[in-house]
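Asker: Sequence:
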Amino acid sequence: MSNYFAIALGCGTKNRNDNWLEVYYPDPAINPDDKLVEVIREELGYEGGNAAIELTHRQVQHIAREWREAGFEHEASYAVAFQESGSPVVLTVLETDAEPASTPEAYLKLHLISHRLVKPHGVNLSGIFPLLPNVAWTNEGAVDLEELQERQLMARLSGKVLSVNSVDKFPKMTDYVVPAGVRIADTSRVRLGAYVGEGTTIMHEGFINFNAGTEGPGMIEGRISAGVFVGKGSDIGGGASTMGTLSGGGNMVISLGEGCLLGANAGTGIPLGDRCTIEAGLYITAGSKVQLMDDKGEIVETVKARDLAGQSDLLFRRNTTNGAVQCLTNKSAIALNEELHKHN
1 MSNYFAIALG
11 CGTKNRNDNW
21 LEVYYPDPAI
31 NPDDKLVEVI
41 REELGYEGGN
51 AAIELTHRQV
61 QHIAREWREA
71 GFEHEASYAV
81 AFQESGSPVV
91 LTVLETDAEP
101 ASTPEAYLKL
111 HLISHRLVKP
121 HGVNLSGIFP
131 LLPNVAWTNE
141 GAVDLEELQE
151 RQLMARLSGK
161 VLSVNSVDKF
171 PKMTDYVVPA
181 GVRIADTSRV
191 RLGAYVGEGT
201 TIMHEGFINF
211 NAGTEGPGMI
221 EGRISAGVFV
231 GKGSDIGGGA
241 STMGTLSGGG
251 NMVISLGEGC
261 LLGANAGTGI
271 PLGDRCTIEA
281 GLYITAGSKV
291 QLMDDKGEIV
301 ETVKARDLAG
311 QSDLLFRRNT
321 TNGAVQCLTN
331 KSAIALNEEL
341 HKHN
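Each step along the sequence shown adds one to the number in our numbering, with nothing skipped, and position 87 is 87.
FYI, nobody ran anything at the bench for these hints, they're computed from the structure. We put the beta carbon where it would ideally sit given N, CA and C, even for glycine. Wrong hints could be hidden among the right ones.
[To be verified] Using 30 Å as the maximum straight-line C-alpha spacing, the simulated DSBU-like pairs for lysine-lysine come out as follows:
1) Lys14 - Lys160
2) Lys14 - Lys172
3) Lys232 - Lys119
4) Lys304 - Lys232
5) Lys169 - Lys119
6) Lys289 - Lys232
7) Lys119 - Lys14
8) Lys172 - Lys119
9) Lys232 - Lys172
10) Lys14 - Lys169
11) Lys289 - Lys304
12) Lys35 - Lys119
13) Lys172 - Lys160
[Unchecked claim] Distance ranges between label pairs, derived from CB positions:
14) Glu73 - Glu147: 35 to 41 Å
15) Lys35 - Val253: 34 to 40 Å
16) Arg68 - His204: 40 to 46 Å
17) Asn139 - Thr302: 53 to 59 Å
18) Asn15 - Arg318: 47 to 53 Å
19) Ala81 - Ala101: 34 to 40 Å
20) Arg318 - Leu153: 53 to 59 Å
Using the sequences provided together with the hints, build the complete structure.
Answerer: So this is what it looks like as structure tokens:
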């Protein structure tokens, strides 16, 4: 059992004040071999704890040699690649999964999720927002907002255009990680820190926030908000959405189990168990009044939707005559398109 939570070697971007804007880790490791860290102790004077250590080219060279001599050829190969980096190089060690204390630590934790090394809610992201500077994401990488105007001017004077793709704390995931076995129609709609399971297809209007994602396979045509995890074989229809903890969901963690379907323009503010369906256009919130129906179509009881949280085999629909929200046992749960998922 490793005594360390995670380790990664990366390079990134700093502003003129020597503050980190972002960090790219091509091969982060979870529960690394203790011997990897021992090299860092000897070469860099690392004394334990969580730390982000900026390295000189000489230090990177020494670490590459020591890792190779210790038998860590894979890790050494990345260190060799970083020897000639024109960008600042950082070695981040997380002895524990404590609240991140620096921008490199925050970026490492987002990488761990997008590399599928941990699932959403599997890593401590408390206090992450102040550590992620709001920057301009351009065709030349991250640019400090206070330096943007000058950079744009210099580009124009050189006959070029500095294109600003977004202004945000989070970059798009695919500039850092492209997980195997996925399809993403519009990469700008998946943030770094998203977990995209194998077999997942994200269509043009699909969106996955950080610390959220899909087990896969699944078809995502709607919104997966922060903190929401969607189980195997579940689909989110066009315009459908899930209520995240950052957008009014409170302390209730929203999730979808396996084999669920959110119809077009539907949504949920409660966690669903397996094989649940919410019909198109129906948004269920925790306080929604729901009529429970028996197999004869008779009302058995009226409850709040939160009382049904996490239960399986439920079909939510709206009565077209009186508008009441009703819930039936989903005996004929919609079978998702196996042929489609097969080719995801």
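Asker: Against this structure, judge whether each hint is valid.
Answerer: Hints versus structure:
{"no.": "1", "hint": "Lys14 - Lys160", "result": "22 Å, holds"}
{"no.": "2", "hint": "Lys14 - Lys172", "result": "18 Å, holds"}
{"no.": "3", "hint": "Lys232 - Lys119", "result": "13 Å, holds"}
{"no.": "4", "hint": "Lys304 - Lys232", "result": "27 Å, holds"}
{"no.": "5", "hint": "Lys169 - Lys119", "result": "21 Å, holds"}
{"no.": "6", "hint": "Lys289 - Lys232", "result": "28 Å, holds"}
{"no.": "7", "hint": "Lys119 - Lys14", "result": "29 Å, holds"}
{"no.": "8", "hint": "Lys172 - Lys119", "result": "18 Å, holds"}
{"no.": "9", "hint": "Lys232 - Lys172", "result": "24 Å, holds"}
{"no.": "10", "hint": "Lys14 - Lys169", "result": "14 Å, holds"}
{"no.": "11", "hint": "Lys289 - Lys304", "result": "5 Å, holds"}
{"no.": "12", "hint": "Lys35 - Lys119", "result": "26 Å, holds"}
{"no.": "13", "hint": "Lys172 - Lys160", "result": "23 Å, holds"}
{"no.": "14", "hint": "Glu73 - Glu147: 35 to 41 Å", "result": "40 Å, holds"}
{"no.": "15", "hint": "Lys35 - Val253: 34 to 40 Å", "result": "37 Å, holds"}
{"no.": "16", "hint": "Arg68 - His204: 40 to 46 Å", "result": "45 Å, holds"}
{"no.": "17", "hint": "Asn139 - Thr302: 53 to 59 Å", "result": "56 Å, holds"}
{"no.": "18", "hint": "Asn15 - Arg318: 47 to 53 Å", "result": "52 Å, holds"}
{"no.": "19", "hint": "Ala81 - Ala101: 34 to 40 Å", "result": "27 Å, violated"}
{"no.": "20", "hint": "Arg318 - Leu153: 53 to 59 Å", "result": "55 Å, holds"}
When each numbered hint is compared with the structure, a violation occurs for hint 19 only.
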